[in-house]
Amino acid sequence: MRDTITIAMCGKGGVGKTTTAALMVKTLAERGDKKILAIDADPAIGLSYALGINVDKTVDDVRNNLIQKVKEKKIGDRDDTLRMLDYELFDVLVEQGKFSLLAIGRPEGEGCYCEVNTLLKDIIESLSSNFDVIIIDGEAGIEQINRRVMKIVDHLVLVSDTSSKGLNVAKVIKKVAHDNQVVDYKSTGLLLNRIRDEEEVNTIMKQQDIDLFGWIPEDELIREYDFSGKSYLDFPETSPIGKVVQDILDSFIINGGAAMSG
Amino acid sequence: MEIFNEDIVDLRNFIESKENEGRKVRLLDSEDGDRRLSTFLKKDEASIVFIEDTWLELGNPKKFSTAPVLVTDNLDLVNDGNVTLIGPDISETRGSLPFAQILLLASDSLQDEAYTKLNSFQYELELKGYMIKAMPSSLLIWSRVSNDNARNGFSFEILGKTIINNYKSKFDIPFVEIIFITSSKEDVEQLKDLHYKVKRIVGAMTKMLEEMHFDCSSCEYLDVCGDVRQLSALRKKLIKKKQGGNS
Numbered sequence: 001m002r003d004t005i006t007i008a009m010c011g012k013g014g015v016g017k018t019t020t021a022a023l024m025v026k027t028l029a030e031r032g033d034k035k036i037l038a039i040d041a042d043p044a045i046g047l048s049y050a051l052g053i054n055v056d057k058t059v060d061d062v063r064n065n066l067i068q069k070v071k072e073k074k075i076g077d078r079d080d081t082l083r084m085l086d087y088e089l090f091d092v093l094v095e096q097g098k099f100s101l102l103a104i105g106r107p108e109g110e111g112c113y114c115e116v117n118t119l120l121k122d123i124i125e126s127l128s129s130n131f132d133v134i135i136i137d138g139e140a141g142i143e144q145i146n147r148r149v150m151k152i153v154d155h156l157v158l159v160s161d162t163s164s165k166g167l168n169v170a171k172v173i174k175k176v177a178h179d180n181q182v183v184d185y186k187s188t189g190l191l192l193n194r195i196r197d198e199e200e201v202n203t204i205m206k207q208q209d210i211d212l213f214g215w216i217p218e219d220e221l222i223r224e225y226d227f228s229g230k231s232y233l234d235f236p237e238t239s240p241i242g243k244v245v246q247d248i249l250d251s252f253i254i255n256g257g258a259a260m261s262g
Numbered sequence: 263m264e265i266f267n268e269d270i271v272d273l274r275n276f277i278e279s280k281e282n283e284g285r286k287v288r289l290l291d292s293e294d295g296d297r298r299l300s301t302f303l304k305k306d307e308a309s310i311v312f313i314e315d316t317w318l319e320l321g322n323p324k325k326f327s328t329a330p331v332l333v334t335d336n337l338d339l340v341n342d343g344n345v346t347l348i349g350p351d352i353s354e355t356r357g358s359l360p361f362a363q364i365l366l367l368a369s370d371s372l373q374d375e376a377y378t379k380l381n382s383f384q385y386e387l388e389l390k391g392y393m394i395k396a397m398p399s400s401l402l403i404w405s406r407v408s409n410d411n412a413r414n415g416f417s418f419e420i421l422g423k424t425i426i427n428n429y430k431s432k433f434d435i436p437f438v439e440i441i442f443i444t445s446s447k448e449d450v451e452q453l454k455d456l457h458y459k460v461k462r463i464v465g466a467m468t469k470m471l472e473e474m475h476f477d478c479s480s481c482e483y484l485d486v487c488g489d490v491r492q493l494s495a496l497r498k499k500l501i502k503k504k505q506g507g508n509s
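Respectively, the protein sequence lines represent chains X and H.
Every letter in the first sequence is one number past the one before it in our numbering, and letter 158, counting from 1, is 158.
Every letter in the second sequence is one number past the one before it in our numbering, and letter 234, counting from 1, is 496.
Read the hints as simulated data drawn from the structure, not as lab findings.
Where a beta carbon is used, it is the ideal one built from N, C-alpha and C, also for glycine.
Just so you know, not all the hints are guaranteed correct.
Claimed, not checked - Listed below are the simulated DSBU-like cross-link pairs for lysine-lysine, each with C-alpha atoms no more than 30 Å apart in a straight line:
(1) Lys69(X) with Lys379(H)
(2) Lys461(H) with Lys57(X)
(3) Lys324(H) with Lys502(H)
(4) Lys71(X) with Lys304(H)
(5) Lys432(H) with Lys461(H)
(6) Lys186(X) with Lys171(X)
(7) Lys74(X) with Lys325(H)
(8) Lys503(H) with Lys71(X)
(9) Lys379(H) with Lys121(X)
(10) Lys57(X) with Lys34(X)
(11) Lys325(H) with Lys35(X)
(12) Lys35(X) with Lys432(H)
(13) Lys498(H) with Lys69(X)
(14) Lys304(H) with Lys35(X)
(15) Lys71(X) with Lys502(H)
(16) Lys74(X) with Lys469(H)
Unchecked claim - Which chain X residues stay away from chain H? Per the calculated CB distances, all over 10 Å, these:
(17) Asn54
(18) Arg106
(19) Ile204
(20) Asp226
(21) Glu237
Next up, chain X with everything else stripped away, as it sits in the complex (with noise of 0.2 Å):
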């Protein structure tokens, strides 16, 4: 069994935590020496989009189709059901040669279907064993935090602008999954989105009580791949963004998470 790291980005919407994921995705691509598991569990799939990667199938279609058969008694026992989903979810794995993404879609819906929702979640883990690193794109805020989705994490990225909304939405999150332990992380800490420069930085995190994992400066490259919808896969490595990340990836995977100083 491999030893898996998993890096789930989380915070207010807007504030860069797709980019950084597929950043990240792109930077441990390009090394090749990991087999990697982009999830996008934003119900938008922006990363995907964001890695260049038409979507056609998604874990909740796979979910749905499943209450469907539920509903319709149209399931065989609780084997023949796991290999059912096995075997779809395998196929919503898009792969890519050296990266491979899972599109969850929409969150779990309401309603009587734990069951449902536990057997995915088994499977789901049980393909990312076959992973070295997963990295997460989160769903916007503090409800998938709140809904126990990503239970274990070794690191947890709070990506934030310098917006006090941005700044509160990461304390909370890490309070939520601290205090309640609905997240099991070996680290926490900010990744501060576009700052002006070092002083702003310093400013920011003297009112913070969070480890800072790094800081992204302004950069208009991200504004044109935004709006052209270039794929970031082909995102200049030498831009100093892309220096943040590798930084941060370098301290996850070879240090285990130690924070920059602030």
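Mind docking chain H on chain X? Use the hints.
Frame of chain X, contents of chain H only:
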């Protein structure tokens, strides 16, 4: 069980017709086949064969695949130990192929109720470098052979003999035969009638065994139970068993 006797005869005719059409039809039985089986017994390793490590993919969901299990109590209908291949073997091609895996089982002591277990048991394979995904109730099979396996001589003979041995040891079935088809999409698709018939029977049996409601008027499998005499017999047997259990 006689449900599939006609289908087995039809299958023999199908194989003969393919041979007459010039397909490569082979009985795989090399001298060292049995000896090489142990080489691929699974050790601790990842269960997934990624596409980049794949030599040959069989039955991708985007292509039609089928894996029916045909059971009979007529021992003369099954050639025990035979592994037949229509189309290229693993070392002779690479990429992605349509796939049919047909198992023929003969025993005069098998209970009808065992059928759904016999159908899904074919996927319980522990082979190194051979990934198998399946939907037993839909008879869909999707597998991948790793590059390493192909290099090390993994073949349909090894796959077939492993499956045959598994059935013999688990269910004590005296006659087990397997047929693989990789020749073309058209050849595999010619088995669609058989595929849908078996799928309906598996569905009807699963429903009978799982639900035990026996309200036929609203059952979606009413047609197949009407067509297949043995299913009605199985239903009657299960009702009797249930009533006996309740008394």
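Hint-by-hint comparison with the structure:
Of the pairs offered as hints, the one joining Lys69(X) and Lys379(H) holds, with about 20 Å between alpha carbons and a cut-off of 30 Å not exceeded. A threshold of 30 Å between alpha carbons decides the hint, and for Lys461(H) with Lys57(X) the separation of about 24 Å falls inside it, so the pair holds. Restraint check for Lys324(H) and Lys502(H): the C-alpha separation of about 43 Å exceeds 30 Å, so the hint is violated. As the CA atoms of Lys71(X) and Lys304(H) are separated by approximately 38 Å, the hinted pair breaks the 30 Å bound.
Note on Lys432(H) and Lys461(H): the hinted pairing holds, with a Cα-Cα distance of about 23 Å set against a maximum of 30 Å. Straight-line distance between C-alpha atoms of Lys186(X) and Lys171(X) comes to about 17 Å, which keeps the hinted pair within the 30 Å bound. Simply put, Lys74(X) and Lys325(H) have alpha-carbon atoms about 23 Å apart, close enough for the 30 Å limit, and the pair holds. The hinted pair formed by Lys503(H) and Lys71(X) meets the criterion: a straight-line CA distance of about 27 Å does not exceed 30 Å.
Taking the CA atoms of Lys379(H) and Lys121(X), the gap is near 26 Å; set against the 30 Å cutoff, the hint holds. As the CA atoms of Lys57(X) and Lys34(X) are separated by approximately 25 Å, the hinted pair is consistent with the 30 Å bound. Of the pairs offered as hints, the one joining Lys325(H) and Lys35(X) holds, with about 27 Å between alpha carbons and a cut-off of 30 Å not exceeded. With a CA separation close to 36 Å, the supplied pair Lys35(X) and Lys432(H) exceeds the 30 Å bound.
Of the pairs offered as hints, the one joining Lys498(H) and Lys69(X) holds, with about 26 Å between alpha carbons and a cut-off of 30 Å not exceeded. For the proposed pair Lys304(H) and Lys35(X), the alpha carbon gap of about 21 Å is at most 30 Å, so the pair holds. In summary, the hint linking Lys71(X) to Lys502(H) is supported, as the alpha carbons are separated by about 28 Å, within the 30 Å threshold. Taking the CA atoms of Lys74(X) and Lys469(H), the gap is about 8 Å. The hint holds against a cut of 30 Å.
Interface exclusion of Asn54(X) from chain H stands, the closest Cβ pair being 15 Å apart, more than 10 Å. With 10 Å as the threshold on Cβ separation, the claim that Arg106(X) sits away from chain H holds: the shortest Cβ distance comes to roughly 22 Å. Listed as outside the interface, Ile204(X) is consistent with that label: its C-beta sits roughly 41 Å from the nearest C-beta of chain H, beyond the 10 Å cut-off. Against the 10 Å criterion, Asp226(X) stays outside the reach of chain H, whose nearest CB is about 30 Å from its own CB.
In this structure Glu237(X) is separated from chain H by more than 10 Å, as the shortest Cβ-Cβ distance comes to about 22 Å.
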